[in-house]
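Visitor: If you're matching positions, the sequence shown starts at 121 in the numbering used here and goes up one per residue.
Among the clues, some could well be false.
[As the list claims (entries may be wrong)] With a Cα cut of at most 27 Å, we get these calculated DSS-like pairs of lysine-lysine:
hint	residue 1	residue 2
1	Lys361	Lys336
2	Lys370	Lys346
3	Lys270	Lys251
Read the hints as simulated data drawn from the structure, not as lab findings.
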Amino acid sequence: MKNLLIIILLIIVSFYFFGCSSSLDTSSFTGEQKLEYAKKLYNEEDYFDALQEFNAIVLEYPGSAIVDDALYYTAMTRFQRGEYILSAFEFSKLIKNMPASEFVPISQYMLAECYYELSPHFTLEQKYTKKAIEEFQAFIDFFPSNNKVKEAENKIIELNNKLAQKELHNASIYETLGYYDSALYYYSNLIEVYHETIYAPQAMLSKINLLEDRDKNEEALAEANKFITRYPESPLIDQVKKIKASLDNKFSNIDK
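Could you build the full structure based on these sequences and the hints that come with them?
Guide: What follows is the structure, encoded as structure tokens:
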């Protein structure tokens, strides 16, 4: 009985590896035929076999007219498999080694997309977020007329918002813990570096409140005036105007 179970298991394993495989013998194919077959596998989402075929083409036909196609699809296959670091490496290799290829613009965009996918939750280390911004900006700079520029710009806005959110989060933690100088540093850094993000008005309001709480009224008033000038349409504007009026009243009473 035990031997029978082993035989059945071997048959199942053999069927899995051989009977279900979508690959075929391409040894008699031309390079172009191999490329078309590999692309067919890719389009059918058979990424495992497609990757093997694209890699084989790169090795077998170096310097040929089809190698940049194979390099691009190798990178795309890894991207579809969620192998973003390896995909970024492949896109970078194509851009560096084949700068005249028609695939360079889309490879630059996809390189940025790899880092975008690697960008983690805002509370974590943001090196991939910053790298994604860098690569999207490179795409915009090198290919300003490309039809994906608007998408790249929107991704940069999204990623900058994430970085700003992290700064605001850090500032809030330091303020809660009583490290007020550190909190002011993070609020100020957010306001200066990420002043166009959705988190900048909140950071400035939080800074104003903290300065007022610390009896730094002159600085608080200066920040309130900046807020009113910079963010006149902000939903927080009424709160800031109320704080400004209170501070103006304090200084008016002092002068008397």
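Visitor: Checking one constraint from the list: CA of Lys361 to CA of Lys336, max 27 Å. Satisfied?
Guide: With Cα atoms ~17 Å apart, Lys361 and Lys336 stay inside 27 Å; holds.
Visitor: Take a quick look at whether Lys370 and Lys346 sit within 27 Å of each other, Cα to Cα.
Guide: Satisfied, since the Cα-Cα distance of roughly 19 Å is no more than 27 Å.
Visitor: Taking 27 Å as the top limit, are the C-alpha atoms of Lys270 and Lys251 close enough?
Guide: holds, 18 Å
When the structure is compared with the earlier hints, no violation turns up for any of them.
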